[in-house]
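The lines below spell out each chain.
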Amino acid sequence: MVNYIIRRLFYAVLIVICVSMLVFGLIRALPGDPIEILVSRTELADAQADPEYFEELRHELGLDKPIPIQFVNWFAKVVQGDFGKSIIKGDDIMQSMGERMVITITLGLTAFVVSNIIGPLLGIISAIRRGKLIDNIVTFIANIGITAPTFWVAILLVYLFGYVLHWLPLYGYTLPWKDFGLSLRQGIMPVFVMALGPIASTARQTRSSMLEVLGEDYIRTAWAKGLNERQVIFRHALKNSLMPVVTLQGQMIRQIFGGSFIVETIFVIPGMGKLMIDAMLSHDYPTIQAVTLILTVVVVIANLIVDLLYGWIDPRIQYE
Amino acid sequence: MDGTKIVREQIPDDEFEVLEEEQLSGVNELKRFVRAFFRRKIVVVGFILVVVVLLTAALADVIAPYDPYEQDLYQVLAAPGPSHPLGTDALGRDLLSRIIHGSRIALAVGVCTVLVSASIGTVIGLIAGFSDSRLNSLIMRITDILISVPSLVLQLLIASALNSGVTGVVIAIGLTLFPAYIRLINGQVLSVKQNDYISASRSMGAKKSRIIVRHVVRNVVSPLIVMMTIMMGMSIMAEAGLSFLGLGILPPAAAWGSMCRDGYQYLMTRPLLSIAPGLAIMILVFAFNMVGDGLRDALDPKLRGALK
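Chains as they are written, first to last, in the UniProt record's numbering: chain P, 1 to 320; chain Y, 1 to 308.
Hint data in this document are derived by calculation from the structure and do not stem from the laboratory.
All C-beta atoms, glycine included, are put in the ideal place defined by N, C-alpha and C.
Incorrect hints may have been included.
[Said to hold, decoys possible] Computed Cβ-Cβ distance ranges for the label pairs, DEER-style:
1. P:G131 <-> Y:L135: 44 to 50 Å
2. P:R7 <-> Y:R35: 48 to 54 Å
3. Y:Y197 <-> P:F75: 50 to 56 Å
4. Y:V44 <-> P:I141: 18 to 24 Å
5. Y:Q265 <-> P:V102: 25 to 31 Å
6. P:G131 <-> Y:K207: 47 to 53 Å
Same shape as in the complex, but just chain Y (with noise of 0.2 Å):
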């Protein structure tokens, strides 16, 4: 049960205010967690990036050196040098400030997709686990069907179905995502299930909703915040990929994805149109994977032990 608790303290950003709700059993639980998260440097490397691309979107406004819409028609595809870091683009836009923008699209995609689906795909993934087998299976058929649809298809047209822009996008990739979560949700609600404490808590007469909250609630939410830090990631990159077909969040919006759309164009004389920002959604993407393998290695409690 200890497992929970470090979920509760450990999310350190402000966004998960409504799990604090316990206090801390031990100042050790705190110390042993921040130690196996930050136990490989990769997953430090990782965290730290997070956190700077997160004050990066916040402070878009003071750092980025120009406005990132603001056309200079003097100063097209200008060549990176002192008044332009990287220079400019095909309409004489600051590119540096255009990449700074971007990643408040791309944080703002990631997280309200994670949210979507991560919603639909727990409530549905909860329902599954607690049904009986016959309605079980039939959710799980219909969840390996959507996870065997190739995903991009439909997000193409759900995106545009949806005029693309960022509700859009989310929508679509929400849309497409979420049975990966049920998976996860389903079966690890089937595992706790057959613990013999909630045969315990059963005969002592606990109600259905009492078991999920108080047990099933609590085991599910380690893997849960996991796969929602690698979702992050995989989220943002799924955004860049309609972005740069021309299908997801369209220009003039600084979004990385149709950045490397428009910049492809000049890729001879002026890569770092398109190179830069690709280059932002690797890093971004890369830095919520580490992360996510720094929480579960901090999370996993069959890796507890091991990491003493």
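Only chain P is shown next, with the shape it has when bound in the complex (with noise of 0.2 Å):
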């Protein structure tokens, strides 16, 4: 167990320095030279044509050095907490980030926990009235959150709740603890866009796992002992159909942390996703590869938590 922690760790690892090197030279790729749009965006505009000046500031910025040794030097930089200052705003990052991740990784959090009591419930409901109403209704509602584009989704609620209806603020987000009732006002929205494709998704697994396990002999033995419903389904179906829906969880972090981005977007919510767009837009090269890192950073461990969690849940997993 403790062997494999360490071997998931060192992948872990590896796969966060593997994303950076792909995107520090990805980056290196976009098209725009970063001290171009340094110059142009700082009030050093009258320095333009020198170019003599140019090449200083590469040099001080070590970008006239090959890419390789560019990229050892940020990391190093970055294992010491220091993402440098954004070429367009100028301020700096870590700073930056700071409120941002907090911010998203409570609305992304929130979102699973959501999507992880809503979409089995729901799967549950719909396995046990299989062919009923109700089944109908959240077969659908599931067929919807999977082929539903995110951005349409909060669109519709967008128009419908804050333009239509009024009842929600159309965007912005605040802190829990700094107001309570106006962050659940403005979070709705967000976290019902985020949390919907993941419902859907947990919704058809619990559904036809359930199906699978309600045909299973040790089911048809709790009813022949003559219990209740709720104790067949609750205290021996549902632990096995559970299982598959564990192996989502992974799919659904990546899922929900990829919808921030639109998410956060369309609902001006100051977070990762919204610095990533901004940055992304106006090649805002340090700010895009400190937020790629940090994100990626969040959806490995969060993987590793599931993986080792599913060992721990099904205990016919071995960990070699």
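Got two chains here, separate frames each, mind docking them using the hints?
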């Protein structure tokens, strides 16, 4: 077990380094020279024509060195918690990521918990009432959740609850410990949008595995013993039918954090996703690198936790 | 083995002509397939929708009431009415015509992405499945890594590194989706390899290439087709997401995702501008998913008995 964890941690670090390298290389392939962007965006515009100044700046930022060396230098600083400065806004990236990360993780985690409660619940209900109206409704919702683009669901909600009904604020986000009521009202739509896809996939998965489990001999035995429906479902069937859902968790985490890009853009939430998209659109290289790294770390750690939990829940899994 | 023959007959459109080299062994097979495929009403709906979108894309020039790129600055943000059934956008372009033409981009991106990712993934998956256990576990480890990377981040970066546009988007999405095929094909090959008929033909002196072509590929084709169908939907959705963020297919191209992005600014006054293209995306993705489900029902040998 300890061996397994160590090996997984090793892989986790490897993934993070590989992804950072990949991103580093890709960023160098992006159109536009970072120095020119830096110069034109800051008040140094009058120095723009001076090629010597360009070279000086390039040297100062280490951009004249070969890319692998630039990567090593960057990574060495990152390990010490220094992500450098944004070339667009000029502020310290680590600092500007601080609160944004809290926001994104708060929203993402809420969406994760919500989808893990609602998804299996819907799945169980529709499995138990197979073929009934409620089953059809759940299946329909699940199909929509899987096939509707995240941004489209968000647009619909904004239109309906924001513009037409005026029930919920259109954008923005406040952390729950600052103003809980406002946070709740602002958070409902983003969390729902992020959770919809995962809810749909867990509901489908729970439904089909529940149906499978309900056909097992030990369930028939449970019925034969004279147990009532609640005991059969919750004491006997539930645990085994949730097993395949656990394997979905990793995919759900990626889906939720991937969704945060779109959700934060639409709801103008100052989180990591918004930061990333803004950085991409303004070619803010250091910020892109930093956000990618942090998001990869979050996803990799979350995956690791899920895998360990999986082994804890399912005793048949052996860590070699 | 008969499963594969059915596949060869039944991909309804001419894009799979290559596979039609073999003759149908009996009409019953075809009937069985059609019955299994159309057994669920929702699959029928999905199939019809796919056909409708294909026709729309093919006949876009004929059906569309206006040129999707023609600006009419006297008709900016017009409300839906007799002359413009869904209204016009901020540049006076007819929304319906743009949606109709958008089906071409969506389908082109879907088909190209699926071809790119399926071919890369299948080749690597076959290599993995047929190599010794050390190389196999190396390839699969790398695949695990690729799958665990948040794909949207990579798609965003690759797409903008390649200057967006259809090609960039296809490569970006294709490169992030191919690991799923490696897993599928590798798993399929490993399970097929355990069958007795493989050892039998090997003991008769069949070459590796012959075993791959005659036995393995046939067993891999059905799940591959199902996966490709479902991936069509996923790729179209991924493209829409990138375009919505302004980093996929950029305006003025009539891509559904970027139409939603442009229209979103006018959500309060002209909701259709962003809601209608989104609906089109959803319908197409839904249709491909349903067809994929239907194909799975009809092609999965495990379900075959149950469906008769």
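(request) Of all the hints given earlier, name the ones this structure violates by number, lowest first. (result) When the structure is compared with the hints, none of them turns out to be violated.
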